[in-house]
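Those sequence lines, one after another, are chains E and V.
Heads up, the first sequence is in the working numbering, so the first residue is 322 and it goes up one at a time.
Heads up, the second sequence is in the working numbering, so the first residue is 322 and it goes up one at a time.
Because the hints were derived from the structure by calculation, they are not lab data.
Quick caveat: nothing in here was measured; it's all calculated off a predicted structure.
Among the hints, erroneous ones may be present.
With the Cβ distance kept under 7 Å, some of the chain E side facing chain V (calculated, not the full set) [what the hints assert, rightly or not]:
1. A395
2. C482
3. A483
4. M485
5. D594
6. D612
7. G623
8. I624
Okay, the calculated beta carbon distance ranges per label pair [unchecked claim]:
9. V:Q716 x E:G552: 49 to 57 Å
10. V:G660 x E:L353: 43 to 51 Å
11. E:T679 x V:P683: 48 to 56 Å
12. V:D696 x E:G598: 37 to 45 Å
13. V:Q568 x E:K546: 35 to 43 Å
14. V:L627 x E:T679: 36 to 44 Å
15. E:K605 x V:Q446: 36 to 44 Å
16. V:T607 x E:A602: 31 to 39 Å
C-beta atoms are modelled at their ideal positions from N, C-alpha and C, and glycine is treated no differently.
There are 2 protein chains.
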Amino acid sequence: MATVKGNMLIGQSGGPTVVINQSLVGAVLEALKHPEIEKIYGARHGMKGILEEDFVDLRQESLETLEAVAMTPASALGSARKKPSPEECARVFEILKKYNIRYYFYIGGNDSAESANIVNENAMQVGYDLRCYHIPKTIDNDLCENDHTPGFGSAAKFVACASMGDNLDSRALPGVKINVIMGRHAGFLTAATALARVYPDDGPHLIYMPERPFVIERFVEDIEKVHARLGRCIVAVSEGIADEQGQAIASKFNKEVDSHGNAQLSGSGALGDLLAGEVKARTKLTRVRADTFGYLQRSFPGITSLVDAKEARKVGMLAVKHAVAKKPNGSIAILRKPGEKYQAVFKRVPLASVAKVTRHMPDEFIAAAGNDVTDAFLAYARPLAGPLPKIGRLQAVPAAKSV
Amino acid sequence: MATVKGNMLIGQSGGPTVVINQSLVGAVLEALKHPEIEKIYGARHGMKGILEEDFVDLRQESLETLEAVAMTPASALGSARKKPSPEECARVFEILKKYNIRYYFYIGGNDSAESANIVNENAMQVGYDLRCYHIPKTIDNDLCENDHTPGFGSAAKFVACASMGDNLDSRALPGVKINVIMGRHAGFLTAATALARVYPDDGPHLIYMPERPFVIERFVEDIEKVHARLGRCIVAVSEGIADEQGQAIASKFNKEVDSHGNAQLSGSGALGDLLAGEVKARTKLTRVRADTFGYLQRSFPGITSLVDAKEARKVGMLAVKHAVAKKPNGSIAILRKPGEKYQAVFKRVPLASVAKVTRHMPDEFIAAAGNDVTDAFLAYARPLAGPLPKIGRLQAVPAAKSV
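Could you build all of it, start to finish, from the sequences and the hints given here?
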């Protein structure tokens, strides 16, 4: 396949992350180096912007603006949760042709990879010469073919910091604390709360991931046991926990779904409040509280993981490099070199291999009892989140009692 | 009054902050300089530890540990929300006498100042020579006699960062977003979300504080107006918002109260979910979400305001200095020098003057419509939170449409 001369279109899709703009800027800065790429269009709000031909001219952006945007959380072009219908796909190709777009990049998760794959298949069917790339992004860390995904490391750092603070708060004012963490089908982010532990009695003391069926009786029993031992208990629960039949506990309360058929799990405190209510009703424990970390997990500025930011930049850059180097389509996966010292390896993988399917926590990352992570998970996640704040603790030598 | 030789007791009370340990360490390091102070006891979990004679020997802590603890969020000695009964007060004095405690420091909010004041009055009644000091701490910023309080600046920085990220998230995926912020009777912390604004269309677009009666019809109407203008709307709501009769909206759902008679407002997503439900029910707006920032506001490590940390250290140090300098009791208030450049002034004020009473947002900080803050508030709060992350935004020049 010869090098195609033509225009480029890039879009961002799905839930924002704090490093998704690194990927955008990585791709744009690389594109600027290649004369094969003429216009550089950015689609506003992903598929919606493509269908409405709502494009911005990214060649007009200064280097200074691009670098400032790279450091800024949440999709700068705007995002969407729109899955194109077959009719809309037909319309997408008319538009791609009309704008002579030959380089197409879509930054997102597995739903976005699916959208990109549909675009690619349709292009191939009509013989339209298109370099079609998915650029990975998801705090859920649930893309197949990847060791981990851009966005996860920074979200992991956020939930670890949040859990660190929450553990200190709970040591000061003990009780039962339930924290609900994002992650629809994969427990990676919930598991990352375990990075908060410094001392042996630090929370989270229990971690429930969607990879194991959630049984309320066992949950309450686990909490009672920890509370009997430590006088307090911090629990991290994935928003995606589901019962033995696979029904998400949260979806029992909320029926709102997007066009990919996903129920709304975030943006509500209902699951945390339900679980706290169950603990109150089934035990004699007092001061039972719940927090839902919410959208802050994917958008909080200022505590980005540096490794994550660097890798997000690189996958954007590499997608353009591969596309220009005559490879018609793919996704840039991040793998890891075996060995003590963390080192990422980047690899082009077929677009279809990351589309739609969800990667789950491997068994060796989940403790046998199903309510905690393993050391293998901690070793896996630690370099992705990067250094965490230092925590001090008093020796607290008991004073002699006066008589 | 002559300089008393004797032991010191220090305790921490109420909700933790990220800088309350700065005050503890400031007091301890100052105490180490004064030969009048013999033993330095720390009470575990505030009033509870005093009543149980559960003290730690703070002279055993290394300088390195103390400095690490100073940088660590949440009461290192443990906290409590316990108001001593008259019988318990009698018991406190037996204990103070038994341990020859002549220097007593209690770090906390207005409830804690009240506890300290009760201890002080009882000491005076029985003629016990006690230097009794309250050291201010509260993210609510609601202590009388103070320009602001230690803990507020860092919590303000957290909610400003969180709101900044949330605004970017909402620009990417528009909708209505309601964020519930801590603050029982005073709206300062909710107001501080306004520090997040960088561009004219940035959220939060509406801010509801407990100083103004909350009317659901007006709230929904305000949201519809902003949404019609911007296609999205971010709202910051204080957990303490109350109806025209003064009943807290959140307390309608939760009857749990502490020994100061305060209802549980935090640790539940109920208020946010209720408000989101009302917006959904009363309008045609879609994608209505609520987050409750929860305990993270007072305990999140790693983004402390430097001004706040410095001032928290100083009030701890000054309380000990004043106590040793023969002033029998008081609280260390933080005032502000008039003028362009921010400068704090520290002043001893009578203990009773900060006890129990809540300071509210002054009228000049609240916009006339009651749903926003004024520029005067922003000028007041900005130096307390300190510098915030830089935000970049694409020029987003629309590309010419192809025909």
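Quick rundown of the hints versus the structure:
1. A395: Hint on A395 (chain E): holds, closest Cβ of chain V at ~4 Å, below 7 Å.
2. C482: Nearest chain V Cβ about 6 Å off; hint holds.
3. A483: Hint on A483 (chain E): holds, closest Cβ of chain V at ~5 Å, below 7 Å.
4. M485: OK, holds: M485 (chain E) within 7 Å of chain V, min 6 Å.
5. D594: Holds: closest Cβ of chain V sits about 6 Å from D594 (chain E), inside 7 Å.
6. D612: holds, 3 Å
7. G623: Given a least distance of 4 Å, the restraint on G623 (chain E) holds.
8. I624: holds, 6 Å
9. V:Q716 x E:G552: 49 to 57 Å: 56 Å Cβ-Cβ, so the 49 to 57 Å window holds.
10. V:G660 x E:L353: 43 to 51 Å: This hint holds: roughly 48 Å between Cβ atoms.
11. E:T679 x V:P683: 48 to 56 Å: Holds, since T679 (chain E) and P683 (chain V) (Cβ atoms, about 52 Å apart) stay within the stated range.
12. V:D696 x E:G598: 37 to 45 Å: About 43 Å separates the Cβ atoms of D696 (chain V) and G598 (chain E), which means 37 to 45 Å holds.
13. V:Q568 x E:K546: 35 to 43 Å: holds, 39 Å
14. V:L627 x E:T679: 36 to 44 Å: Given range 36 to 44 Å: holds, Cβ gap about 43 Å.
15. E:K605 x V:Q446: 36 to 44 Å: Cβ of K605 (chain E) to Cβ of Q446 (chain V): about 39 Å, so the range 36 to 44 Å holds.
16. V:T607 x E:A602: 31 to 39 Å: Roughly 34 Å apart at Cβ, these two residues keep to the hinted range, so it holds.
Comparing the model with each numbered hint stated earlier shows that all of them hold.
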